[in-house]
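Novice: Residues per chain are reported as follows:
Number of protein chains: 2
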Amino acid sequence: MTVRRYLVLAPGAFASRSAKTAHGVIAYGTDAVVAVVDPLHAGKTVRDVLPYLACDAPIVATVALGIAYAPTALLIGTAPQGGALPPEWRAEIEHAIDARLEIVSGLHDILADDRALAARAEAAGTSIWDVRVPPPTPLFSGAAWDVDARVLLTVGSDCAVGKMTAALELVRAARDRSVAARFVPTGQTGIMIAGWGIAIDRVIADFAAGAAERLVLEGVRRDVDGREPELLVVEGQGGINHPAYAPVTLALLYGSAPDALVLVHNAARTAIDGYDTPLLSYRELIRTYEMLCGSVKPAKVVGIALNTVSLDDAAARAAIADATAQTGLPADDVVRYGPHRFYDAIAPRIGEKTRPHTVIV
Amino acid sequence: MTVRRYLVLAPGAFASRSAKTAHGVIAYGTDAVVAVVDPLHAGKTVRDVLPYLACDAPIVATVALGIAYAPTALLIGTAPQGGALPPEWRAEIEHAIDARLEIVSGLHDILADDRALAARAEAAGTSIWDVRVPPPTPLFSGAAWDVDARVLLTVGSDCAVGKMTAALELVRAARDRSVAARFVPTGQTGIMIAGWGIAIDRVIADFAAGAAERLVLEGVRRDVDGREPELLVVEGQGGINHPAYAPVTLALLYGSAPDALVLVHNAARTAIDGYDTPLLSYRELIRTYEMLCGSVKPAKVVGIALNTVSLDDAAARAAIADATAQTGLPADDVVRYGPHRFYDAIAPRIGEKTRPHTVIV
Numbered sequence: 063m064t065v066r067r068y069l070v071l072a073p074g075a076f077a078s079r080s081a082k083t084a085h086g087v088i089a090y091g092t093d094a095v096v097a098v099v100d101p102l103h104a105g106k107t108v109r110d111v112l113p114y115l116a117c118d119a120p121i122v123a124t125v126a127l128g129i130a131y132a133p134t135a136l137l138i139g140t141a142p143q144g145g146a147l148p149p150e151w152r153a154e155i156e157h158a159i160d161a162r163l164e165i166v167s168g169l170h171d172i173l174a175d176d177r178a179l180a181a182r183a184e185a186a187g188t189s190i191w192d193v194r195v196p197p198p199t200p201l202f203s204g205a206a207w208d209v210d211a212r213v214l215l216t217v218g219s220d221c222a223v224g225k226m227t228a229a230l231e232l233v234r235a236a237r238d239r240s241v242a243a244r245f246v247p248t249g250q251t252g253i254m255i256a257g258w259g260i261a262i263d264r265v266i267a268d269f270a271a272g273a274a275e276r277l278v279l280e281g282v283r284r285d286v287d288g289r290e291p292e293l294l295v296v297e298g299q300g301g302i303n304h305p306a307y308a309p310v311t312l313a314l315l316y317g318s319a320p321d322a323l324v325l326v327h328n329a330a331r332t333a334i335d336g337y338d339t340p341l342l343s344y345r346e347l348i349r350t351y352e353m354l355c356g357s358v359k360p361a362k363v364v365g366i367a368l369n370t371v372s373l374d375d376a377a378a379r380a381a382i383a384d385a386t387a388q389t390g391l392p393a394d395d396v397v398r399y400g401p402h403r404f405y406d407a408i409a410p411r412i413g414e415k416t417r418p419h420t421v422i423v
Numbered sequence: 063m064t065v066r067r068y069l070v071l072a073p074g075a076f077a078s079r080s081a082k083t084a085h086g087v088i089a090y091g092t093d094a095v096v097a098v099v100d101p102l103h104a105g106k107t108v109r110d111v112l113p114y115l116a117c118d119a120p121i122v123a124t125v126a127l128g129i130a131y132a133p134t135a136l137l138i139g140t141a142p143q144g145g146a147l148p149p150e151w152r153a154e155i156e157h158a159i160d161a162r163l164e165i166v167s168g169l170h171d172i173l174a175d176d177r178a179l180a181a182r183a184e185a186a187g188t189s190i191w192d193v194r195v196p197p198p199t200p201l202f203s204g205a206a207w208d209v210d211a212r213v214l215l216t217v218g219s220d221c222a223v224g225k226m227t228a229a230l231e232l233v234r235a236a237r238d239r240s241v242a243a244r245f246v247p248t249g250q251t252g253i254m255i256a257g258w259g260i261a262i263d264r265v266i267a268d269f270a271a272g273a274a275e276r277l278v279l280e281g282v283r284r285d286v287d288g289r290e291p292e293l294l295v296v297e298g299q300g301g302i303n304h305p306a307y308a309p310v311t312l313a314l315l316y317g318s319a320p321d322a323l324v325l326v327h328n329a330a331r332t333a334i335d336g337y338d339t340p341l342l343s344y345r346e347l348i349r350t351y352e353m354l355c356g357s358v359k360p361a362k363v364v365g366i367a368l369n370t371v372s373l374d375d376a377a378a379r380a381a382i383a384d385a386t387a388q389t390g391l392p393a394d395d396v397v398r399y400g401p402h403r404f405y406d407a408i409a410p411r412i413g414e415k416t417r418p419h420t421v422i423v
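If you read the sequences in order, they're chains A and B.
So in the working numbering, the last spot in the first sequence is 423, and the numbers never skip.
So in the working numbering, the last spot in the second sequence is 423, and the numbers never skip.
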C-alpha cells in the first residue's frame, strides 16, 4: 500500500463542516497530511484552527506554496455545493498535476472523466484517483462466510450518525488490546482514511453485496503489523429504514457477513436525515437487524455506540444509561469518553464466528 | 408509446429455456411478434413449437427472410452462454440494422457500446435499445407516497419464482374486472413486455429506490385506456434473504411505496437459487416484509401466489391449501388456475392507500 503525503485542498472551507473528509483524514488517516491549502487561514497551523485534530501541519494560501512541504498527492478535501468543480479550483488542481502530484478526489464529478485534466495528468506522468468510482465487482459468492477473522459491522439508526468513527475508534481500542484489528472502509471518507476500499453506494445494486464481500476478503488478505487479522471492523452505511439508502445498508449486512453488530445512533436525532420518517427505537432496530442477519447468517447487536456531540455531559451520560436500560447492552460515546471501556464491554460478546444457515441436502 | 412489430432473433434456441425473454414477450407483450428467426424450426409456427404461447407467427431461417413480415424492431430473444455476442448473430443484427430495424437487446453486452454496430445504426438512421441500461435516476424523494393509485408489489421467497408473471396475471384479472390497472416493469423481460421500465438491478445502489419511485410516478402519468390509473402492480425482484439480490428487493419495497404485497413462491423450492441459504417460511417472509414496510410506510401481505409448475394437480392443490392453512391468506397458482379467483379474493384486502410514517414536528 502506497503511503501518501497529502496536500489538502480546501480553499475558504477548511474550518467548515464541508471539509469533513479532510478532517477525517487528518484525525484517522494512515497517510500523512503535510499542509493544507486555504487562503482564509494561511499562516496558521491546523491545530490553531481546529485544536481537536491535534495536527501541526501548516496552512498555506496556494498549491504552489504547499509544494514546499514535499507532498505526493493532492486531496480534494471538501464537497462544493452542487458537486461541480469551481473554476478557481481547476487552476490549483492543474498546478498540482504539473508538479506530478497524484490527485485524490471524492467529488461526485469524476475528475478522470474530465478530458483536459486526464490528458494533463497523463502528460505529467501522474494519476487521478476518484475514490467514489468502484471497481467492477463480482456477485456475492459466499466466500466471506469462510474467513477466519471475526467480522464486526457498525449499523445505524440513520446515515451520518458516526458509524465510520465508531468503527475507527473500535479498531484503535482493539489494537491497544493487542488484537490484530483492521478497519474496512465502505465510503469515500473511510477510503481516503485507509487508502483502500470501495464506495458501496456507487456499486450497481446487484453487485453491492459482492463488493462488501470483496472488501472483507481484501481485509484478511494482508497482515496487520505482521500478524494475521483477527478482527475486521466494517464501516456501515445508511440505516435499515432509510427510504433511499437502506439497500446499501442491507448489502453490507449480508455481503460483509458479520459475526456481530454495533448499533450507532445520534442521541439527538428523531427522524431520518432529509425525510420525515421517524427513527426506529433501539429495540425495533435490534430486532430488525438481527432478524435480517438471522435469515442468512446470524449476528447479534453487542453494544450501542452513541454520538452525544450535541448534548452536555450530564445529558450524554443520561442518554448512555437510557440506551443500556432499554436494551440491556453496553452503551457509550466512544469519541467523548474514549473507546476502551466500550471495547472491553463488547469484546466478550463478539464471541465465536457464526455460521451461515445451510440447507442439508 | 411506440408500438413495435418484433422480429425475434433466437437462432437454434427458440424452444429452449434460454429464450424465456422471447416467450415472455410473446405471451404477455403489448408489442406484436411478427416472426421468429430460428433455422432449427424454420417453416413451422410458434404454436407448432410451443403450443401454450398460442401464437401463429411464422418461424424463418434468417433475418433476411423475416423482413418480409414488415417488422419494425429486432428483439434479441435469448441470452447466449457467457453473455458475449456470437459472431454469426452479428451478421444477422447487421442485416437488421441495414433494413432500418430498431435493435432491442437484453444482453449483458451493451450493443450500443459496440462502436461498429453503433456507427452502422447511426448510418442507417435507426437506434439500439439496450433495455438493461438504466437512465440516470434521482434519489428517492417521497413523491411516490403521494400517488392516488393503489400500489401492489409482488415480493418473493427467492428470485425466478414467478413475480413478474404473477404481476402480469393480476393486471389482466383487474382489467377484466374493469379496474384501470397497469403493470410496472422492473427487469429486462418485463421491460420488453411492457415497452418501458428500468432494470432496477443495474441501477447504482444509492439510486435504486429512486428508480423504483420513478417507475411508480411514470406508471400513473399516462392513462389506462383513457382512464386514470387505479392500480399499479409492480414487478418485484429477488427475495429479502437472498444473499446477493436482497438490496434490489429492498429498493423496490421502499421505493415503489406499496400499499399491499403479494407473496410469490415456487412450491418446489427449499433453498435460495445458487446458494445453500434456506428459504424462509411463509410466516417468516410475511413478518420480515411487513416489518420492513412498517418501518417506513405500512403494507400487508394480502395473498400468496404459488408457482406449482413442477407439481401434479393434486400436489398443487395441496400446496395451495397448505399456504392458506399456514397463513390464513388467499393462495392460488394464477397461471395454472387463472388469476380471477385469486384477484377476487385479494381485491378487498388491498383496501385503502396506506400513509408513510411521519414525525410530527
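Simulated from the structure, these hints should not be mistaken for laboratory data.
Accuracy of the hints is not assured; some may be wrong.
Covered, in the sense of this in silico footprint (three residues per stretch, anywhere, with C-beta under 8 angstroms from a C-beta of chain A), are these stretches of chain B [claimed, not checked]:
(1) 71–80
(2) 190–204
(3) 239–245
(4) 338–348
(5) 352–360
(6) 370–376
Fair warning: this is a prediction, and the values are worked out from it, not measured in the lab.
Backbone N, C-alpha and C fix where the C-beta goes; we use that ideal spot for every residue, glycine too.
Novice: Now tell me, hint by hint, if it's right for this structure.
Specialist: Checked hints:
1. 71–80: violated (count 0)
2. 190–204: Coverage by chain A holds here, the residue count being 3 at a Cβ distance below 8 angstroms.
3. 239–245: Three-residue rule not met by the region 239–245 of chain B, so violated; n is 0.
4. 338–348: Contact hint for the region 338–348 of chain B vs chain A: holds, 5 residues under 8 angstroms.
5. 352–360: holds (count 4)
6. 370–376: violated (count 0)
In this structure, the hints that do not hold are numbers 1, 3, 6, in rising order.
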